[in-house]
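There are 2 protein chains.
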Amino acid sequence: MTIVISKSIVYREIPTGLPIPDQHFQVVSTELDLDDLALEHGDFVTKTLYLSVDPYQRSKMREPSIESYNSAYELNKIMSGGAISQVIQSNNPTFRVGDYVTGGSARWEEYSVIRRAQASQFRNTTDRIHQVGLPLRHWLNVLGGTGLTAYVGFRLFGDIRPGKTIYISGAAGATGYVIAQIAKIKGLRVIGSTGDDAKVLFLMETAGIDAAFNYKKISVDEALSEYAPDGIDFFFDNVGGETLEATINHANTHARFILCGAISGYNQSDEERYGVKNLFKVVSKRLDIKGFLVSEAAPPFIEDFHREVVGWVKSGELVVSDSVVEGIENTPKALVDMLQGKNLGKQLVKVAEEDP
Amino acid sequence: MTIVISKSIVYREIPTGLPIPDQHFQVVSTELDLDDLALEHGDFVTKTLYLSVDPYQRSKMREPSIESYNSAYELNKIMSGGAISQVIQSNNPTFRVGDYVTGGSARWEEYSVIRRAQASQFRNTTDRIHQVGLPLRHWLNVLGGTGLTAYVGFRLFGDIRPGKTIYISGAAGATGYVIAQIAKIKGLRVIGSTGDDAKVLFLMETAGIDAAFNYKKISVDEALSEYAPDGIDFFFDNVGGETLEATINHANTHARFILCGAISGYNQSDEERYGVKNLFKVVSKRLDIKGFLVSEAAPPFIEDFHREVVGWVKSGELVVSDSVVEGIENTPKALVDMLQGKNLGKQLVKVAEEDP
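Quick note, the sequences are listed as chains V and P, same order. If you count by the numbering used here, then the first sequence holds residues 275 to 630, one letter each, in order. If you count by the numbering used here, then the second sequence holds residues 275 to 630, one letter each, in order.
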């Protein structure tokens with residue numbers, strides 16, 4: 275008998291505002307006998323190393339009757355998200371002991387028994403991880419879903435000419451800080467907003483963008499008047515609401531907007547959300563506004579993404595940043611902190627050390 | 275001496291809400307001696323036959339400091355817009371007596387002396403008018419700017435497959451009633467809204483669309499639930515505000531919106547305008563929203579426009595509708611009525627009979 279205690283995060287109640295640890299989600303401990311898992315052909319067992327904490331997870335904590343692009347979490351089930359794990363037992367020739375496994379719907383638990391039927395949801399990324407030679411946790415960050423979102427979102431602007439001005443809201447978040455640096459590499463003038471002075475400093479000094487501001491201290495309107503006197507040509511929006519309204523006012527004719535998120539409203543009811551009053555300017559300025567979902571939009575850009583982003587990270591042109599908390603039991607708090615914008619770069623949970 | 279009294283419409287005051295005849299614009303009579311116009315080489319004189327009354331003219335009645343895609347009208351100057359005129363004197367070989375002249379910035383006056391420097395703003399459309407053989411006033415309607423706007427706006431949706439559902443707001447207006455019929459010809463299921471029961475009847479019985487409703491009697495939300503149970507794939511919006519918000523709620527994934535106007539807010543201050551609260555659905559539904567200006571977007575479609583639209587009008591597939599008031603002195607009232615949605619189809623002013 276090799277008994278381990280496997281902690282997991284169970285979704286308990288639908289939140290109306292900001293979720294609360296111990297109320298809307300709960301840490302549950304389960305005993306697992308690693309010597310008695312009855313693995314059938316195709317099954318394997320993983321130990322979770324890192325979990326990814328993302329804004330879309332809040333949107334899954336909703337009434338299942340509300341339709342959206344993703345499915346709602348089921349009450350009293352273990353939550354899920356992007357993760358990197360390592361195989362510790364296997365009856366599946368594709369996933370050998372010691373291999374690294376990534377997937378977008380890993381359960382938030384320390385040890386996972388993955389049955390053959392679920393195996394196709396996971397990828398064996400061992401060779402690729404060794405070949406690239408960058409830290410493991412980068413695969414949930416700049417080399418993972420949020421990095422891909424940043425890269426593809428940027429490419430969706432289409433024809434980008436150096437010298438144009440881009441504004442990124444939520445610029446110190448997991449997607450924002452990557453797109454801010456990509457835009458800088460591509461020769462744009464880059465303006466970013468965030469909600470905290472330390473992040474302003476990070477954006478200016480580490481990410482090296484042209485102007486960053488704390489929207490809690492200066493309004494988006496004032497900041498764009500000051501930092502973008504010639505107007506905004508591209509807008510990558512993670513925030514929505516008042517930020518979107520202000521940016522429409524500062525948009526140049528034919529400006530292109532990619533809407534990636536609307537985090538300002540994620541914890542609000544429909545009635546509480548900010549109403550954008552100036553949409554008639556979408557007509558008068560002939561704006562082009564697109565909402566996007568990375569999984570749909572990514573395929574044509576995947577190869578370029580791997581080549582360019584790995585190159586920029588290795589050359590040091592793209593600085594990788596993350597906020598890592600330790601211990602799976604801190605995942606709910608990490609999600610709540612991230613929804614309040616406390617993270618700098620990608621929010622991760624380190625669940626365990628990798629096996630040597 | 276051949277003295278005529280030429281009435282014109284002079285812009286007197288910037289309105290804050292709906293403009294008021296005699297206050298914001300005024301009818302001015304001027305004596306003109308047609309025998310003593312001192313025409314230099316290149317000059318010519320026209321008699322106005324029809325004036326076009328359009329929503330954008332309200333947007334030109336603004337503080338000149340407010341930038342927009344068009345210039346503001348100048349106070350105490352004669353207003354302008356699309357017109358068809360006939361040449362009555364000429365010292366310009368391109369414009370002979372009896373010829374028809376069209377242009378988008380004709381002065382709202384009965385007789386116009388057009389100097390050589392302005393001549394390039396006008397086109398001699400005599401041959402084309404004779405060749406096509408449709409009534410003169412159609413050239414300010416389905417064959418003119420609003421017809422072109424409808425045609426080009428529809429083409430901007432891109433790949434349109436029959437069987438999809440389109441919703442058109444302001445569907446009985448000058449652009450709306452044309453696009454409603456084009457969409458029907460192209461095999462779409464067409465839903466239109468308007469503000470009056472007679473127009474609902476027109477849309478259903480004359481324009482032959484699938485469903486029309488009076489938004490003053492049934493909310494857009496209720497109407498779309500009833501008439502578009504499978505959701506909206508394309509939205510052509512002339513209205514904005516609450517209508518736009520409701521349509522976002524009923525939009526299918528990847529729905530495409532062309533925003534052509536926002537007449538619901540034209541007479542409102544920035545603060546009074548309706549705030550759209552559900553723009554986060556632009557992200558979750560991956561909507562594609564474009565504002566457009568016909569003059570920019572039209573060039574690739576002009577040839578198709580003339581061929582298709584003339585064909586449809588001649589075959590009777592596209593029914594032409596207009597609201598014509600007589601007398602230039604009624605132009606201010608015609609504009610105000612149109613802004614209140616009293617017109618059916620294109621709002622025109624008949625200024626004079628054509629010469630035989």
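Check before you lean on any hint, since a few could be wrong.
[As the list claims (entries may be wrong)] DSBU-like cross-link-like pairs, simulated, lysine-lysine; straight-line CA separation at most 35 Å:
1. Lys490/P <-> Lys564/V
2. Lys491/V <-> Lys351/V
3. Lys551/V <-> Lys588/P
4. Lys616/P <-> Lys491/V
5. Lys460/P <-> Lys624/V
6. Lys616/V <-> Lys351/V
7. Lys564/V <-> Lys624/P
8. Lys490/P <-> Lys624/V
9. Lys334/V <-> Lys555/P
10. Lys351/V <-> Lys551/V
11. Lys458/P <-> Lys334/V
12. Lys460/V <-> Lys460/P
13. Lys490/V <-> Lys491/P
14. Lys607/P <-> Lys564/V
15. Lys551/V <-> Lys490/P
16. Lys624/V <-> Lys334/P
17. Lys551/P <-> Lys334/P
18. Lys491/V <-> Lys281/V
19. Lys555/V <-> Lys624/V
20. Lys551/P <-> Lys616/V
21. Lys551/V <-> Lys460/P
22. Lys551/P <-> Lys551/V
23. Lys564/P <-> Lys491/V
24. Lys564/V <-> Lys588/P
25. Lys555/V <-> Lys555/P
26. Lys551/V <-> Lys616/P
27. Lys491/V <-> Lys551/P
28. Lys458/V <-> Lys616/P
29. Lys551/V <-> Lys281/P
30. Lys460/V <-> Lys564/P
31. Lys588/V <-> Lys351/V
32. Lys458/P <-> Lys458/V
In case anyone wonders, no lab produced these hints; they're calculated from the structure.
Cross-check of the supplied hints:
Annotation: proposed proximity of Lys490/P to Lys564/V holds, straight-line Cα distance about 31 Å (limit 35 Å). Simply put, Lys491/V and Lys351/V have alpha-carbon atoms about 41 Å apart, too far for the 35 Å limit, and the pair is violated. For the suggested pair Lys551/V and Lys588/P, the alpha carbons sit about 42 Å apart, so the restraint of at most 35 Å is broken. Proposed proximity of Lys616/P and Lys491/V is contradicted: the alpha carbons are some 48 Å apart, above 35 Å.
Proposed proximity of Lys460/P and Lys624/V is contradicted: the alpha carbons are some 56 Å apart, above 35 Å. A hinted pair counts as satisfied when its Cα atoms are at most 35 Å apart, and Lys616/V with Lys351/V qualifies at roughly 27 Å. Taking the CA atoms of Lys564/V and Lys624/P, the gap is about 43 Å. The hint is violated against a cut of 35 Å. For the given pair, Lys490/P sits about 57 Å from Lys624/V by alpha-carbon distance, which is inconsistent with the 35 Å threshold.
Between Lys334/V and Lys555/P, the direct Cα distance comes to roughly 14 Å. Compliance with the 35 Å bound is thereby established for this hinted pair. The hinted pair formed by Lys351/V and Lys551/V fails the criterion: a straight-line CA distance of about 40 Å is larger than 35 Å. At most 35 Å may separate the alpha-carbon atoms for a hinted pair to count; Lys458/P and Lys334/V exceed this at roughly 39 Å. Distance restraint check for Lys460/V and Lys460/P: the Cα-Cα separation of roughly 42 Å exceeds the 35 Å cut-off, and the hinted pair is therefore not satisfied.
Between Lys490/V and Lys491/P, the direct Cα distance comes to roughly 43 Å. Violation of the 35 Å bound is thereby established for this hinted pair. Our distance criterion of 35 Å between C-alpha atoms is broken by Lys607/P and Lys564/V, whose separation comes to about 40 Å. Restraint check for Lys551/V and Lys490/P: satisfied, since their Cα atoms lie roughly 21 Å apart, inside the 35 Å limit. Between Lys624/V and Lys334/P the CA atoms are separated by roughly 60 Å; this puts the pair beyond 35 Å, and the hint is violated.
Between the alpha carbons of Lys551/P and Lys334/P the distance comes to roughly 28 Å, so the proposed pair stays at or under 35 Å and holds. Between Lys491/V and Lys281/V the CA atoms are separated by roughly 41 Å; this puts the pair beyond 35 Å, and the hint is violated. Distance check on the hinted pair: Lys555/V and Lys624/V sit about 46 Å apart at the alpha-carbon level, beyond 35 Å; violated. Pair hint Lys551/P plus Lys616/V holds up; C-alpha atoms about 26 Å apart against a cutoff of 35 Å.
For the given pair, Lys551/V sits about 34 Å from Lys460/P by alpha-carbon distance, which is consistent with the 35 Å threshold. At roughly 9 Å between alpha-carbon atoms, Lys551/P and Lys551/V fall within 35 Å of each other, so this suggested pair holds. Between Lys564/P and Lys491/V, the direct Cα distance comes to roughly 32 Å. Compliance with the 35 Å bound is thereby established for this hinted pair. Under the criterion of a C-alpha separation no larger than 35 Å, the hint pairing Lys564/V with Lys588/P is inconsistent with the structure, at around 39 Å.
Restraint check: the Cα-Cα separation between Lys555/V and Lys555/P comes to about 19 Å, which is no more than 35 Å; the hinted pair holds. A threshold of 35 Å between alpha carbons decides the hint, and for Lys551/V with Lys616/P the separation of about 25 Å falls inside it, so the pair holds. For the hint linking Lys491/V to Lys551/P, the alpha-carbon distance of about 24 Å falls within 35 Å, and the restraint holds. For the hint linking Lys458/V to Lys616/P, the alpha-carbon distance of about 52 Å lies beyond 35 Å, and the restraint is violated.
As the CA atoms of Lys551/V and Lys281/P are separated by approximately 39 Å, the hinted pair breaks the 35 Å bound. Pair hint Lys460/V plus Lys564/P holds up; C-alpha atoms about 25 Å apart against a cutoff of 35 Å. A C-alpha spacing of about 40 Å is found between Lys588/V and Lys351/V, which places the hinted pair above 35 Å, so the restraint is violated. Restraint check: the Cα-Cα separation between Lys458/P and Lys458/V comes to about 47 Å, which exceeds 35 Å; the hinted pair is violated.
The structure is inconsistent with the numbered hints 2, 3, 4, 5, 7, 8, 10, 11, 12, 13, 14, 16, 18, 19, 24, 28, 29, 31, 32, although it conforms to all the rest.
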